[in-house]
Amino acid sequence: MKQRLDRDIIAARAAKELKDGDVVNLGVGIGTLCVNFIPPEKQVVFHSENGVYAFGRVLAKGEEDLMDLNLVNAGGQFVTPAPGMSICTFADAFDAVRTGRIDVTVLGAFQVSEKGDLANVVASEVGWIGTIGGAMEMASGVKKVIVVMPHTTAEGKPKILKECTFPLTATRCVDLIVTDVAVIEVTEEGLLLKELAPGWTVNEVQAITEPKLIISPDLKEIEL
Amino acid sequence: MKQRLDRDIIAARAAKELKDGDVVNLGVGIGTLCVNFIPPEKQVVFHSENGVYAFGRVLAKGEEDLMDLNLVNAGGQFVTPAPGMSICTFADAFDAVRTGRIDVTVLGAFQVSEKGDLANVVASEVGWIGTIGGAMEMASGVKKVIVVMPHTTAEGKPKILKECTFPLTATRCVDLIVTDVAVIEVTEEGLLLKELAPGWTVNEVQAITEPKLIISPDLKEIEL
Amino acid sequence: MKNKILNTFAEAVADIPHGASIMMSSWGTAGTPFNLILALQDHGARNLTYISQNIGGTHVIRQFPDKPGMTRYLDAMPYILLHSKQIKKVIVTWGRGTDRNPIEKMVNSGEVQAEIVPLGILVERMRIGGAGLQGFYTTTGVGTFYEKGKETKVIDGQKCILELPLRADFGFVRAYKADTLGNLVYRMTSRSINPLVAKASTVTIAEVDEIVEAGELDPECIITPGLHIDRIVKIPEGGLR
Amino acid sequence: MKNKILNTFAEAVADIPHGASIMMSSWGTAGTPFNLILALQDHGARNLTYISQNIGGTHVIRQFPDKPGMTRYLDAMPYILLHSKQIKKVIVTWGRGTDRNPIEKMVNSGEVQAEIVPLGILVERMRIGGAGLQGFYTTTGVGTFYEKGKETKVIDGQKCILELPLRADFGFVRAYKADTLGNLVYRMTSRSINPLVAKASTVTIAEVDEIVEAGELDPECIITPGLHIDRIVKIPEGGLR
Numbered sequence: 001m002k003q004r005l006d007r008d009i010i011a012a013r014a015a016k017e018l019k020d021g022d023v024v025n026l027g028v029g030i031g032t033l034c035v036n037f038i039p040p041e042k043q044v045v046f047h048s049e050n051g052v053y054a055f056g057r058v059l060a061k062g063e064e065d066l067m068d069l070n071l072v073n074a075g076g077q078f079v080t081p082a083p084g085m086s087i088c089t090f091a092d093a094f095d096a097v098r099t100g101r102i103d104v105t106v107l108g109a110f111q112v113s114e115k116g117d118l119a120n121v122v123a124s125e126v127g128w129i130g131t132i133g134g135a136m137e138m139a140s141g142v143k144k145v146i147v148v149m150p151h152t153t154a155e156g157k158p159k160i161l162k163e164c165t166f167p168l169t170a171t172r173c174v175d176l177i178v179t180d181v182a183v184i185e186v187t188e189e190g191l192l193l194k195e196l197a198p199g200w201t202v203n204e205v206q207a208i209t210e211p212k213l214i215i216s217p218d219l220k221e222i223e224l
Numbered sequence: 001m002k003q004r005l006d007r008d009i010i011a012a013r014a015a016k017e018l019k020d021g022d023v024v025n026l027g028v029g030i031g032t033l034c035v036n037f038i039p040p041e042k043q044v045v046f047h048s049e050n051g052v053y054a055f056g057r058v059l060a061k062g063e064e065d066l067m068d069l070n071l072v073n074a075g076g077q078f079v080t081p082a083p084g085m086s087i088c089t090f091a092d093a094f095d096a097v098r099t100g101r102i103d104v105t106v107l108g109a110f111q112v113s114e115k116g117d118l119a120n121v122v123a124s125e126v127g128w129i130g131t132i133g134g135a136m137e138m139a140s141g142v143k144k145v146i147v148v149m150p151h152t153t154a155e156g157k158p159k160i161l162k163e164c165t166f167p168l169t170a171t172r173c174v175d176l177i178v179t180d181v182a183v184i185e186v187t188e189e190g191l192l193l194k195e196l197a198p199g200w201t202v203n204e205v206q207a208i209t210e211p212k213l214i215i216s217p218d219l220k221e222i223e224l
Numbered sequence: 001m002k003n004k005i006l007n008t009f010a011e012a013v014a015d016i017p018h019g020a021s022i023m024m025s026s027w028g029t030a031g032t033p034f035n036l037i038l039a040l041q042d043h044g045a046r047n048l049t050y051i052s053q054n055i056g057g058t059h060v061i062r063q064f065p066d067k068p069g070m071t072r073y074l075d076a077m078p079y080i081l082l083h084s085k086q087i088k089k090v091i092v093t094w095g096r097g098t099d100r101n102p103i104e105k106m107v108n109s110g111e112v113q114a115e116i117v118p119l120g121i122l123v124e125r126m127r128i129g130g131a132g133l134q135g136f137y138t139t140t141g142v143g144t145f146y147e148k149g150k151e152t153k154v155i156d157g158q159k160c161i162l163e164l165p166l167r168a169d170f171g172f173v174r175a176y177k178a179d180t181l182g183n184l185v186y187r188m189t190s191r192s193i194n195p196l197v198a199k200a201s202t203v204t205i206a207e208v209d210e211i212v213e214a215g216e217l218d219p220e221c222i223i224t225p226g227l228h229i230d231r232i233v234k235i236p237e238g239g240l241r
Numbered sequence: 001m002k003n004k005i006l007n008t009f010a011e012a013v014a015d016i017p018h019g020a021s022i023m024m025s026s027w028g029t030a031g032t033p034f035n036l037i038l039a040l041q042d043h044g045a046r047n048l049t050y051i052s053q054n055i056g057g058t059h060v061i062r063q064f065p066d067k068p069g070m071t072r073y074l075d076a077m078p079y080i081l082l083h084s085k086q087i088k089k090v091i092v093t094w095g096r097g098t099d100r101n102p103i104e105k106m107v108n109s110g111e112v113q114a115e116i117v118p119l120g121i122l123v124e125r126m127r128i129g130g131a132g133l134q135g136f137y138t139t140t141g142v143g144t145f146y147e148k149g150k151e152t153k154v155i156d157g158q159k160c161i162l163e164l165p166l167r168a169d170f171g172f173v174r175a176y177k178a179d180t181l182g183n184l185v186y187r188m189t190s191r192s193i194n195p196l197v198a199k200a201s202t203v204t205i206a207e208v209d210e211i212v213e214a215g216e217l218d219p220e221c222i223i224t225p226g227l228h229i230d231r232i233v234k235i236p237e238g239g240l241r
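Residue numbers (the working numbering), protein chains in the order written: chain A, 1 to 224; chain C, 1 to 224; chain P, 1 to 241; chain L, 1 to 241.
The set of hints was computed from the structure by calculation and includes no laboratory data.
Be aware that one or more of the hints could be misleading.
[Unchecked claim] Result set (BS3-like, lysine-lysine): computed pairs, CA atoms no more than 25 angstroms apart in a straight line: (1) L:Lys89 / P:Lys150; (2) L:Lys159 / P:Lys159; (3) A:Lys61 / P:Lys67; (4) L:Lys2 / A:Lys19; (5) L:Lys85 / P:Lys150; (6) L:Lys89 / L:Lys105; (7) P:Lys159 / L:Lys2; (8) P:Lys159 / L:Lys150; (9) P:Lys153 / L:Lys159; (10) L:Lys159 / C:Lys143; (11) A:Lys115 / P:Lys2; (12) P:Lys2 / A:Lys144; (13) L:Lys2 / A:Lys42; (14) L:Lys148 / C:Lys162; (15) P:Lys148 / A:Lys162; (16) L:Lys2 / A:Lys143; (17) L:Lys153 / P:Lys148; (18) L:Lys67 / C:Lys61; (19) C:Lys16 / P:Lys2; (20) A:Lys144 / L:Lys150; (21) C:Lys115 / L:Lys148; (22) C:Lys42 / P:Lys2; (23) L:Lys2 / P:Lys153; (24) P:Lys2 / C:Lys19.
Here chain A stands alone, though its shape is the one from the complex (with noise of 0.2 angstroms):
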């Protein structure tokens, strides 16, 4: 089996994505990772529907002096205050949600269909009674939408499918998937693969994607 990128090469290729100026809103697991990417020169402000503009990092274990137990992210994880932090009511942090005032989210999914569907919340279908949360806002409001997640599922199955089988969280709203082996853009024409992981070809990657691809005529290895 091929070496696949890791989580943090894939946050850090997303992070890539995110310019200065950006609000950027960060789904809990890949995406939380992000904020670790950021270069010093670039000012990416990060949102939060919890009710919190301009947060640092997320805190690790081991910096349990630093944690407020007021101040924590939509994940429930403590984060630090950055200069300019505002806090409000989850309410008004949705609208600014729903009127696009947020430039990007990067999030997790189950499954990404080849129109940009996407498929991460958990309605009784997938299992449990059903978590929802804040992914269905996110998706139909932000500007640009970036799935961060592995190319397959954990039986090896393509999670990049022609129509996603899981319920979905909205429709036509994802703009860019970054995997563990490619970045690929969804366009009106279709699904356009841009970067490879290194050492994986063209045929190895749609040989794990369901709907055919369309190879970009820029197609390199993936940078950082």
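With chain A's structure known, arrange chains C, P and L on it following the hints.
For chains C, P and L alone, kept in the frame of chain A given last:
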């Protein structure tokens, strides 16, 4: 022509209805005068729909030094702060009105019907292009609605009618009417005449009131 | 002056009847009214409808099981009301059970009903409940499983879903400071949905770290105006904070 | 870092096209963006839709005609845009003209259209515009002339009126301080509808007394998070404040 109560006396009588701890919204006109007739042992907290809870009295000419261009009531008058004042937006202020968090409103009227319908907004039928303001929300959202007004129009016509002829602000909303000749409660059975201005008789008040008045067994001279 | 200050949480929840609806924040350690939850368990009202983001909120706490005091919070999370069989319905966005939280089992057995709502819709339903409005339209969820069975309407060319307000008979609020008029300030993201709960509840009860005289809080920085608050209890020495 | 700070009001309004919608507060001296109004008059965009509480807001000022500086405010009220024939439609709650304000004449002659909305509905339409929602139901106005021609629906046994969101292409905001991220604080009732305008506008421009570095404002007391603000201009010496 008999002596009628002046604006201050009407306001003082309406103020008697305000209980310790009440949250009160005062309409522009006679309403705002009520603040001058709250005895010191009674704490009444004033709310205004332009986003202020707990403010003091309206400043008058000659008090320019105390005026803050940034602190006005819903009538645009300069007011003083009171201990515990808090500021919010117009939208937040109306949330409190519609959810029944305001105990009493004292406002003026063009007309009141015997069922307690209120007409006090300026729709195009009345003249001008229209001026509605916050009266519709106050009349339908506040727990107790007290109307303060002259008993008759400038032309001597009744303002208390079987049916309002002016556009309605809200239906069946008025609880008490304090005029320059009487205090009248709106009950399920009809209008209950409770108090008379000094020197006025039941017949004299009935003569300038369109609907038939019910006479309270406890009818008395107006008390402040 | 109306006295809103009570001495104990037991008094503050004493009149909550069986069948009442209760709204509160539950986002881990940040802004959850732990002391009122414990008092409600002691009080024992049953057949409650529970409205919050979460039924549990253990995710923060599970990250740092060794953080001092965390076990105390785990034992005061809303799911303890499931263990004491007090809840008949939950309206939340996160319905996931954990080893301590029996929600999955109770829903699957039909003992508890669950209504799972997208988070942005959930908090907006609370907001319009607290605004005294009767419904709103949103495009969130259109084209997804969430639309199923929902009333829809096309507005300005867009298909929208009708959502109804959420209000509760009792609201539990966790704030930082209250003044004697009931004005509240919060701390950081412990603000959470607490200001929404304050407005959307018929009787709102706040647990706070500190009570100050009216006039001591900055008028510009008060988040919840006192008129939304009915009862205030200061968290005593040894209470959860 | 994204620079939101501009040097002049002229630059800040330079791209407002003919036919644009503009939202702002107008409640006398408290919170009206006088300097942006003057800049918009100089700029000259026509066929504007004006959305505010008032078309004028002279009531405060008329009470105290002798207060120093008041004439300066009178000459920067929104109605000056009527004199310069820039407005084709107003959406307000107070439509009353005065000797200085020609709104009555212009509406009666058909030169300007007026939509007069109950104040609570008006500000809630702005709020849901700023919340990215598509409509709401209210019982306000039911049984009155306001109901005429409105779509209604019975919800939970109550007849309700459907109201649609208000958004604007440009929002003029009057705030006290801004930080470099665009976070805003206001002063007393000058807060007014300014935070609603900030959210309900595609391009939001703030005029402020002071600009400070990010981090200098208290995170708990910021009323408008910076992500709603696109342009900031500090009121210069001699500007209206």
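Against the structure, the hints come out as follows:
{"no.": "1", "hint": "L:Lys89 / P:Lys150", "verdict": "36 angstroms, violated"}
{"no.": "2", "hint": "L:Lys159 / P:Lys159", "verdict": "23 angstroms, holds"}
{"no.": "3", "hint": "A:Lys61 / P:Lys67", "verdict": "10 angstroms, holds"}
{"no.": "4", "hint": "L:Lys2 / A:Lys19", "verdict": "10 angstroms, holds"}
{"no.": "5", "hint": "L:Lys85 / P:Lys150", "verdict": "47 angstroms, violated"}
{"no.": "6", "hint": "L:Lys89 / L:Lys105", "verdict": "14 angstroms, holds"}
{"no.": "7", "hint": "P:Lys159 / L:Lys2", "verdict": "35 angstroms, violated"}
{"no.": "8", "hint": "P:Lys159 / L:Lys150", "verdict": "20 angstroms, holds"}
{"no.": "9", "hint": "P:Lys153 / L:Lys159", "verdict": "18 angstroms, holds"}
{"no.": "10", "hint": "L:Lys159 / C:Lys143", "verdict": "20 angstroms, holds"}
{"no.": "11", "hint": "A:Lys115 / P:Lys2", "verdict": "60 angstroms, violated"}
{"no.": "12", "hint": "P:Lys2 / A:Lys144", "verdict": "51 angstroms, violated"}
{"no.": "13", "hint": "L:Lys2 / A:Lys42", "verdict": "10 angstroms, holds"}
{"no.": "14", "hint": "L:Lys148 / C:Lys162", "verdict": "22 angstroms, holds"}
{"no.": "15", "hint": "P:Lys148 / A:Lys162", "verdict": "22 angstroms, holds"}
{"no.": "16", "hint": "L:Lys2 / A:Lys143", "verdict": "17 angstroms, holds"}
{"no.": "17", "hint": "L:Lys153 / P:Lys148", "verdict": "21 angstroms, holds"}
{"no.": "18", "hint": "L:Lys67 / C:Lys61", "verdict": "10 angstroms, holds"}
{"no.": "19", "hint": "C:Lys16 / P:Lys2", "verdict": "17 angstroms, holds"}
{"no.": "20", "hint": "A:Lys144 / L:Lys150", "verdict": "37 angstroms, violated"}
{"no.": "21", "hint": "C:Lys115 / L:Lys148", "verdict": "21 angstroms, holds"}
{"no.": "22", "hint": "C:Lys42 / P:Lys2", "verdict": "10 angstroms, holds"}
{"no.": "23", "hint": "L:Lys2 / P:Lys153", "verdict": "39 angstroms, violated"}
{"no.": "24", "hint": "P:Lys2 / C:Lys19", "verdict": "10 angstroms, holds"}
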